[in-house]
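> Just need the whole structure built from these sequences, with the hints factored in.
So the sequence lines, in the order shown, correspond to chains A and B. Quick note on numbering: the numbering used here labels position 403 of the first sequence as 403, and the sequence is numbered without any gaps. Every position in the second sequence, counted from 1, becomes a number in the numbering used here once 428 is added.
Just so you know, these hints were derived from the structure itself, not from any lab. Treat each hint with caution, since some may be false.
To give a feel for the contact side, a few chain B residues facing chain A, derived at Cβ under 7 Å [said to hold, decoys possible]:
#, residue
1, V669
2, Q671
3, D675
4, K678
5, S679
6, L680
7, G681
8, D683
9, A726
One side of the interface only, derived from the structure: several residues of chain B facing chain A at Cβ under 8 Å [said to hold, decoys possible]:
#, residue
10, T600
11, L603
12, R665
13, N668
14, L672
15, V676
16, V682
17, L777
For glycine and all other residues, C-beta sits at the position ideal for the given N, C-alpha and C.
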Amino acid sequence: MSPPSVSVAGVSVRFGDRTALHRVDLEARSGELVALTGPNGSGKTTLLRVILGLTEPSEGTVRISGTPTADLTTRERARRIAWVPQEELPRDNVRVLHYVLYGRYAHQPSFGPESAQDREIASGALAEVGLADRADQGVFELSGGERQRLLLARSLAQEAPVLLLDEPTAHLDIGFQLDLLERVRGLVQGRGVCAIAALHDLNLAGRFADRVVVLSHGRRVADGNPAEVLTPPLLREVWGVDADLKRDPRSGQTYLLPRRLSDAARGGIARGVRRGPVHVVGGGGAAGPLLRALADEQYALTAGALPLLDSDSEACEELGVPYVAEIPFAPLSDEVRARHRAMMDAARAIVVAPFAVGPTNLANLEDLAGRASSVPVLVLDPTPGAVRDFTGGRATELLRQLAAEGAVGVPDASAMLRILSEKLSGAA
Amino acid sequence: MREAGPSATPRSPRRALVIVLGVGALLLILSPLLTPVPIPPTIVLEILFHGLTHGVLFRSPCGSGFSATQCATWTLIIWQSSVPSILLALLAGAALGISGATLQGTFRNPLADPYLLGISSGGTLGAAILLIFKIGVGEENLALPLFAFGGSLATGLVILAASRLLQGSLETLLLVGVALANILSAVLSVVLIFNPNGSIQVSYWLLGGVGGATWGRDGIVLGGLLMATGPLVLYGRELNVMQLGPDVAKSLGVDTERVRIRLLLLASLATAVAVAFTGIIGFVGLISPHVARRLWGADYRWVLPGSLLIGALFLVGAGDLGGVFVPDVVLPVGLFTAFAGAPFFFLLLLRHRRAAYMGG
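In structure tokens, the structure reads:
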């Protein structure tokens, strides 16, 4: 029997003292669609990145059709493994066909032009995902769902036997989710590709995958066919969610209906469950440590309104926290403020970092007015008249008003986490 | 809708090329007419034409009414000063243009430019050290560009090392470049303060100009330019893929680390040959790629040679503007690129501010 298309053996990944993956084994064969699932931070993306060669494992090996990936050049790897990232925002309005031709890079000779064959393969890939008539348009003209299909077409153009998909449906509505996964399913059967897809939606995973692999805290906790793996006990154990197993009367397929957080998770004990969202107002590096502390506690986060290129906005990028940004040294525009307010409206709690307030970002404090009455607002280090007020007392005045409306002053990050946990569990 | 970035299919890239080349030809014909010494335009054209057909060294006839001495002086001015200056502007502009395009692509940053990243300053410092301490002998030897290359390459490598340290955070990298440029110019100031003899010459040169052009220097710049751009234009496809981000680029088969080092090396070389003889000329590297993208689209296989072309014409044009507005003084061309470039930089910031919303 030929070696499996993908073979991951004893792979561990450590970032500093944090273990992202712990001795994970995984095998996948051609013609097989494997769903990789698990709560946020369980190591799905890290595992895909290790297979891709983007992250070096601390121990263990990855083999593609028997060859260790460590022995392959970047180019050789690209001919064997194709990747569909979660989301890719093109920077330039490149022609659609052109974008798919990028997938041919590893097949083209160095510095050579693309051949007629390359164009033919790219056009074929576009046709396969149903975008043939869009070939000459710019990628900016595509919708979100079409853009994911574009990425799928580019990965097809790579003609790689292994296809990795990282939450390919995360930003799509339900119709596009089904459409995309049906296409992937078709490719696996039609082309005999070996596909591994990180998927959040367990019912989608159960419906499309041949096998489901569940990761939790960097360990593989289940591997098997969907009906065996996706059970209420597993959901309770891994996700901290109580669910019912239902049967679709028409298809006969089973599906999970999540009811509520399990009792254990309610107390905030179960890690891996996202709480919040908590919105952090900051800038100038004041929010970074708080964001990290909150992210470690698995809070879903948003942040704003930060200057671009600021260390706070970089912390957001690093942690994958959505944020509203303004160009540095410019006053917050109405558009930015509106987006920022919308973000705060969605938050279940707001943390105000001890950021320096000047005329350009005073609006951040103004937009907080009145919020303390509806959600918990925590203000870090609320020393009145501290040096961080560069608005001639205006900021201090706003902070004082905020306190009068019920905002809570907290001295440091650990106090913030404690109070936040109390406030949010009380509200639930 | 995202508005940043040029449209997918530029309306007519070929027509744009023809127009740009036409404007270029016109500029090249008109530029020698704008000499600091007033010479009748018809005589200038006559001297140029005669030189082209009979060889530069032969004395041109200037028609009736002008003495032979007068005519010989004019010939000398045009062929030994005007024409080499225009050529230097052309070559230096080309070098800065393609260097800017390369850096913008390498760092995926539309605001990258050899000047803003400190690579120009590094080159200047290298060259200034040579000028002040008179390490080289003649004026036309290779020492000046070599020292400049040393300086700009060292700066480029520091930036690259910083990029490794800061892993993936290219925006921070730009700020590192800005800081580096400031440190380098401070070092240069210190060197100048302690060596007042060379400082007037160096200070004028720092403003950026093509006044010191000679045929020999033009030859050196051309050689360096060919060495840098020959390989550079081959990297269009890699740069295209690299715009998708390092992870995606790697997954598509581009060895991003290796390619980035090579591109940085070549961009440093291109910057160094320009800076060595012209001093710091800012904004050419910033503006040219944007104009090229407008005309020919975002494909780096077009953007690289396009920026070379636009950069060349931009610098020649800036020199002409100097000749038009201040006809009696040879003003450093760097002043004019700054006048045109700084507002453009501001416009870019405004435009990318809108794009940043869409990304964030």
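> None of the hints should be skipped; say for each whether it holds.
Here is how each hint holds up against the structure:
1. V669: This interface hint holds because 5 Å falls under the 7 Å limit.
2. Q671: This interface hint holds because 5 Å falls under the 7 Å limit.
3. D675: holds (5 Å)
4. K678: Hint holds; K678(B) Cβ to chain A Cβ min 6 Å, cut 7 Å.
5. S679: OK, holds: S679(B) within 7 Å of chain A, min 4 Å.
6. L680: Status holds, d = 5 Å.
7. G681: holds (3 Å)
8. D683: Interface hint status for D683(B): holds (4 Å vs cutoff 7 Å).
9. A726: At 3 Å from the nearest chain A Cβ, A726(B) passes the 7 Å test, so the hint holds.
10. T600: Check passed: Cβ of T600(B) comes within 7 Å of chain A, closer than 8 Å.
11. L603: holds (7 Å)
12. R665: holds (7 Å)
13. N668: holds (7 Å)
14. L672: holds (6 Å)
15. V676: holds (6 Å)
16. V682: Given a least distance of 6 Å, the restraint on V682(B) holds.
17. L777: Cβ of L777(B) sits 6 Å from chain A, so the hint holds.
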